[in-house]
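My request is simple: use the sequences and hints to build the entire structure.
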Amino acid sequence: MYKSISLFLLVACVACDSTAGDTLQHRKPITVLPDSNNAGLKLPNGFSALKVAENMGRARHIAVNQQGDIYVKLERKLNGNGIMYLRDLNKDGRTEEVNGFGNYTGTGIAIHKGYLYASSDEEVFRYKLNDKGEVENREAPEKIITGLINRRQHASKSITLDNNGNIYVNIGAFSNSCQEKDRQTGSMGMNPCPILDSAGGVWQFKANVLNQTYANGVRYATGLRNVVGLDWNTQTNKLFVTQHGRDQLNNLFPQYYDDKANAELPAETMYEINPGDNAGWPYAYFDNQQNKLILAPEYGGDGKKAPTTSFKVPDMAFPAHMAPNALLFYTGNQFPARYKNGAFIAFHGSWNRFPLPQEGFYVAFIPFENGKPTGKWEVFANGFSGVEVVNNLRAVAHRPCGLAQGPDGSLYVSDDNKGSIFRIMYQGNQ
Amino acid sequence: MKRNMIERIANCYSAFLLTGTLLLSFTAKGQTTTLEASMQRGKTIYVQRCVACHQPDGGGVPHMNPPLDGASAVKGKDKFRLIQVIVKGMTDRVEIDGEFYSNNMAPHADLTDQQVADVLTYIRNNWSNKAGAVTPAEVKAARAKLK
Chain A
1 MYKSISLFLL VACVACDSTA GDTLQHRKPI TVLPDSNNAG LKLPNGFSAL KVAENMGRAR
61 HIAVNQQGDI YVKLERKLNG NGIMYLRDLN KDGRTEEVNG FGNYTGTGIA IHKGYLYASS
121 DEEVFRYKLN DKGEVENREA PEKIITGLIN RRQHASKSIT LDNNGNIYVN IGAFSNSCQE
181 KDRQTGSMGM NPCPILDSAG GVWQFKANVL NQTYANGVRY ATGLRNVVGL DWNTQTNKLF
241 VTQHGRDQLN NLFPQYYDDK ANAELPAETM YEINPGDNAG WPYAYFDNQQ NKLILAPEYG
301 GDGKKAPTTS FKVPDMAFPA HMAPNALLFY TGNQFPARYK NGAFIAFHGS WNRFPLPQEG
361 FYVAFIPFEN GKPTGKWEVF ANGFSGVEVV NNLRAVAHRP CGLAQGPDGS LYVSDDNKGS
421 IFRIMYQGNQ
Chain B
1 MKRNMIERIA NCYSAFLLTG TLLLSFTAKG QTTTLEASMQ RGKTIYVQRC VACHQPDGGG
61 VPHMNPPLDG ASAVKGKDKF RLIQVIVKGM TDRVEIDGEF YSNNMAPHAD LTDQQVADVL
121 TYIRNNWSNK AGAVTPAEVK AARAKLK
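Residue numbers (the numbering used here), protein chains in the order written: chain A, 1 to 430; chain B, 1 to 147.
Careful, some of the hints might be misleading.
Taking lysine-lysine pairs in the DSS-like style, the calculated list, with each CA pair at most 27 Å apart, reads [unchecked claim]:
hint : chain 1 : residue 1 : chain 2 : residue 2
1    : A       : Lys181    : B       : Lys88
2    : B       : Lys130    : A       : Lys181
3    : B       : Lys147    : A       : Lys181
4    : A       : Lys260    : B       : Lys43
5    : B       : Lys140    : A       : Lys181
6    : A       : Lys304    : A       : Lys292
7    : B       : Lys130    : B       : Lys88
8    : A       : Lys91     : A       : Lys42
9    : B       : Lys79     : B       : Lys140
10   : A       : Lys181    : B       : Lys79
Covered by chain A, per the in silico footprint, the following chain B stretches (three or more residues, Cβ under 8 Å) [as the list claims (entries may be wrong)]:
hint : stretch
11   : 43-52
12   : 86-93
13   : 105-112
None of these hints come from the bench; they were simulated from the model.
We put the CB at the ideal spot given by N, CA and C, even for glycine.
See below:
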């Protein structure tokens, strides 16, 4: 009964929108119906969701073209391909046609000024798009960046672009905390940390120059352990990044940290980046309970001492270990006004909070005012994990990993566990 | 006389059987107790050293830390390789049951032969795994080769 009423209202709303003409031009009529269970997601009032596609493999980051078709970057090949191109032929919001291309696996993908950019864990490529948003030559991309370091750990080369011809690439640190022996109890930190020369930061390259290496790039920001989520804020012309904080304080330094301290420390962090910024990894981390930077135990810290060097303080701090895997500034008009120019974060979900339950596995919203985060955040879309409490990662269904905004202002979320693509829409009253 | 003889043989045989059964059951009980005790000790080490990455259910973390429950190497006959991974850690890109995992495993060289044996016995016989014990003697022998 409830379902049929809401369906009726929806159809009425579509009809009313489509006849409203120019006054409501910013709100395009929605002909796409949500799944009856909102694809299993819990959303704020007025929002609904559908599953666009399933079984797309390890769907990392995603990009949606002006036609509403979706490019998915895969961490492992599916039918021999590293990129999936999902098309909605009948415009019901669901994928009917799947094409694959790209003989490399990775995480990063973005559409910018007529090009599709995609990364492996060592290189970045770009493809010219035609006026239908399709890749013109799938087998011959331009290789714009090559030779980036990949030592398995934190290998994702996430990307974003500004409007001045630059591309920004995350090069994650191939280590937890730059210990002499990675993740070994009591092993002290290398000083200075040699990893920072080639990783543990964000590098800036030219978006249109071929075969760039480290020598052609600029280390735009350092002291960032692993930035999987990053986006260019076009309102303020600033790069924003979300960092995965270090793991295992309790295992590695049990004399200073018990299980509970490890479960809550350190904060996952978001920064507005200025060129040359240093966020402190591996020498310091941000403690969101003491609300300050703390010297890492690998460098003589005891959970209380502050670092003697000054490092960048995060603009936002989130609970530990939740793994912010994607960051997206919402510039659309479909969602209510409070969402405009705010940020969405896809939290992949934690694994390092035992014996406490794992956290994350949701998309959060961070309201912005005048180009700055307000300090508050809220869970926006939840229910991806499919279980009430996560005590074992094997029990988790979906893990949010990528975010993209569609041409109509819908929000797309990819899941790299089961390969589902979700679409979230607003159909309430503004 | 003949009957007496048969009775004596029969008695003797049952006594032998009885003794044998007793001996067998004693040995089996002894082994069970040893395995259980080793697993109990191994569980303590698992919670201290392993659970963060490999998770309480031994299921690991997808693409990051490999599962132990159901893993062919954990259940397999190559105990040397298992001892090597505990003592030396693992940082190579290795395919494990068709998947790749990104995190490094730290070496746990500070564990005693008994502790390595206990934690391996625990992971080889917990969850759905039933692969038999690893003994401190096996760890000692493997360590001698690893040096």
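Has the stretch 105-112 of chain B got at least three residues whose CB is nearer than 8 Å to a CB belonging to chain A?
Held - the stretch 105-112 of chain B has 4 residues with a Cβ nearer than 8 Å to chain A, which meets the minimum of three.
Pairwise hint evaluation, lysine 88/B against lysine 181/A, where the allowed Cα distance is 27 Å at most: holds (11 Å)
**Asked** Has the given pair, lysine 260/A with lysine 43/B, been kept, meaning a C-alpha gap of at most 27 Å?
**Response** holds (20 Å)
Given the hint that lysine 130/B pairs with lysine 181/A, test it: the Cα-Cα distance must not exceed 27 Å.
violated (33 Å)
For the pair supplied as a hint, lysine 147/B and lysine 181/A, is the alpha-carbon distance within the 27 Å limit? Holds, because 18 Å separates the two Cα atoms, which is no more than 27 Å.
Below or equal to 27 Å on CA atoms is what counts here, so check lysine 181/A against lysine 79/B.
Satisfied, since the Cα-Cα distance of roughly 24 Å is no more than 27 Å.
- Query: Between lysine 79/B and lysine 140/B, does the CA-CA distance stay at or below 27 Å?
  - Reply: Satisfied, since the Cα-Cα distance of roughly 12 Å is no more than 27 Å.
**Prompt:** CA of lysine 304/A to CA of lysine 292/A, is that 27 Å or under?
**Reply:** holds (10 Å)
Exercise. Hey, lysine 140/B versus lysine 181/A, does the alpha-carbon distance stay inside 27 Å?
Worked result: Status holds; Cα separation ~24 Å.
Examine the stretch 86-93 of chain B: at least three residues should have C-beta closer than 8 Å to a C-beta of chain A.
n = 3 at 8 Å, threshold three: holds.
Query raised in the report: Under the criterion that the straight-line Cα-Cα distance not exceed 27 Å, is the pair lysine 130/B, lysine 88/B satisfied?
Result: This hinted pair holds, its Cα atoms lying about 25 Å apart.
_Hint check: lysine 91/A vs lysine 42/A, CA-CA at most 27 Å. Holds or violated?_
Distance of about 24 Å is within 27 Å: holds.
Of the hints listed earlier, the one the structure fails to meet is number 2.
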